[in-house]
Amino acid sequence: MSGWELGTRIAIAVLLVGSVAVFVWFIGDALRLFRTRRPGKPLRPPPDGR
Amino acid sequence: MQPLDYTVLIAYVGAMLGIGWMVSRTIGSFRDWFVASGTMTTPLLVCTLVSTYYGLDVLFGGSELAYEEGVVAWFWYSRPYYFAILLTALLLARRLKQRDFLSLPDIVAERYGRGTQTIVALASFVYSLPLLSIMGLGVLFDVMLGIPFVWGVLLGAGVATIYTLMGGIMADALTDTIQFVLMCVALAIAAIVVLGDTGGIDAMRASLPAEYFEPRGTYPLTVLLVYSLAALSVLVEPAFYQRVFAAVSARAVIAALLIGMALWAAFDWIVTVLGIGAAAQGLEVEGRYALLEVVLPALPAGLAGLFVASVLATAMSTIDSYLLISGGNLAYDLYRPWRARDIDDARLLRLTRYGVVGASAVSVLFALFFESMVAAWIFMATVLVVTALIPVLAALYVPRLATRAAGIASALTGLGVAALYSALVRGLGTHSAEWDTTIWRTSVLGADVALWQEYAVIVALPASLLAFAIGSLFGRRVGQENIR
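Just so you know, the protein sequences line up as chains A and B, in that order. Residue numbering for the first sequence follows our numbering, beginning at 1 and increasing consecutively. Residue numbering for the second sequence follows our numbering, beginning at 1 and increasing consecutively.
These are computed hints drawn from the structure, not numbers from a lab. Treat each hint with caution, since some may be false.
Stated by the list, open to error - Which bits of chain B does chain A cover? Going by a derived footprint, with three or more residues having C-beta under 8 Å, they are:
no.: 1; stretch: 44-57
no.: 2; stretch: 180-187
no.: 3; stretch: 194-208
no.: 4; stretch: 257-263
no.: 5; stretch: 266-279
Even for Gly, the Cβ is constructed at its ideal location relative to N, Cα and C.
Full structure from sequences and hints, please.
Next up, the structure:
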């Protein structure tokens with residue numbers, strides 16, 4: 001198997017396994033995310049430009 | 001496409017709109033809407049960074065280049081970005097997270113005042129217009145449904161704008177998670193099928209000219225340098241900055257960028273392989289259509305719909321994110337500092353939504369103007385880099401040199417030189433059919449030179465740096481008391 005072929009197979013594996021793993025991680029994290037949401041802080045005034 | 005494919009497609013669009021609608025109901029303030037009040041964790045950041053950065057410019061532009069030139073698409077069009085992303089993760093993330101910014105122009109406003117803030121906001125606005133993805137939707141509708149390109153652009157932009165208006169960045173990020181999985185998995189499946197049909201990449205090598213697998217391809221080195229310099233846009237990438245400000249911590253951003261790098265590299269490589277696959281099959285198509293033409297006929301019913309949904313996901317995840325930023329540029333970074341310093345939260349939110357509509361309309365006009373996706377990508381990256389890179393990095397790393405004059409001089413000079421260069425090349429040059437770009441062939445100090453329109457960044461960036469250096473000698477610093 002050439003380096004091109006090997007690289008391509010690795011890329012496919014990274015896409016399939018990596019994306020699903022991150023998504024599962026996100027699901028596990030989602031409840032905590034919503035629990036820790038804070039109400040928005042007030043806006044700061046803009047620079048006065050002087 | 002079969003009825004099953006249409007069902008998958010409609011289900012996807014319905015799910016996105018449903019999620020967007022539900023999340024939009026939880027938004028209580030502009031800060032909630034614009035930066036999720038700094039609550040995004042690593043996995044959410046990975047999903048939204050990967051899917052936002054990767055629009056149809058990568059999918060169709062990358063495969064267009066691979067179809068025409070080969071692996072140079074990955075080595076010189078994509079790979080430089082990984083170095084820039086690594087640099088960003090290691091150098092910028094912590095520094096940005098130390099301050100309470102909401103947008104990229106906020107950073108220059110702090111050091112240089114409203115003038116530079118306005119110029120950088122305009123550059124950010126131009127860069128953030130999601131015209132490449134809107135253009136890609138036009139291609140998709142053309143290839144899939146036979147809708148003319150112009151009408152496809154209008155339809156795609158209309159749908160995406162409505163979707164964007166429904167929710168802020170949290171709705172955007174949550175829909176990004178599904179779009180992220182969809183685009184990664186569908187692309188991987190498409191690669192497996194197409195590689196199976198063509199006998200693998202080694203069979204492609206046997207059937208194509210050797211240049212296709214030459215990392216430098218046939219491009220002149222200067223053009224490859226310009227492609228690489230476009231990666232500098234990552235250092236002032238508004239979508240990245242917005243996600244840093246939305247992140248729960250700098251550590252979460254760094255982890256997300258490093259994980260994202262692996263996924264981006266894999267995604268780019270597969271897009272490149274599929275573009276080369278179209279060439280290996282001997283398809284005679286317009287470059288930007290190559291990916292769809294090679295993938296769709298190879299997929300069975302259901303999977304074809306899934307793939308088209310993933311292409312829509314790639315477009316929508318980018319369009320909604322960048323419309324949000326460009327709308328914010330108009331309302332938060334341009335209108336508010338000059339006309340409404342004490343604007344209330346609800347009005348700012350409403351104005352930003354108007355800005356999103358305006359940005360969408362301008363994107364459609366640009367999408368119809370540029371014929372090549374690669375040309376449009378280079379133009380937008382150039383505008384941002386030559387205007388914002390020097391002032392932003394100086395504000396973050398050498399604040400003692402960051403005077404008001406230095407900021408304005410640097411931003412204006414970068415933009416002006418790039419505009420002048422582009423005007424000269426377009427006015428005096430001729431279109432090259434071989435390279436599909438405008439080239440001005442002239443003589444400098446007795447030597448013949450070919451000035452491509454893409455070279456603007458090479459000329460304008462040093463000019464911006466020089467102007468900054470001069471301005472820092474003569475200008476005065478904006479005092480901390482004037483900040484916001």
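Counting residues of the stretch 180-187 of chain B with a beta carbon closer than 8 Å to any beta carbon of chain A, are there 3 or more? holds (count 5)
Mind taking a look at whether chain A covers the stretch 266-279 of chain B? Criterion is 3 or more residues with CB to CB distance under 8 Å. Per the Cβ count (5), the hint holds.
According to a criterion of three or more residues whose C-beta lies within less than 8 Å of a C-beta of chain A, is the stretch 194-208 of chain B covered? holds (count 5)
Are there three or more residues in the stretch 44-57 of chain B whose C-beta lies closer than 8 Å to some C-beta of chain A? Coverage by chain A holds here, the residue count being 3 at a Cβ distance below 8 Å.
Count residues of the stretch 257-263 of chain B with a Cβ under 8 Å from any Cβ of chain A, then say if the count reaches three. holds (count 3)
In summary, the structure agrees with every hint in the numbered list given earlier.
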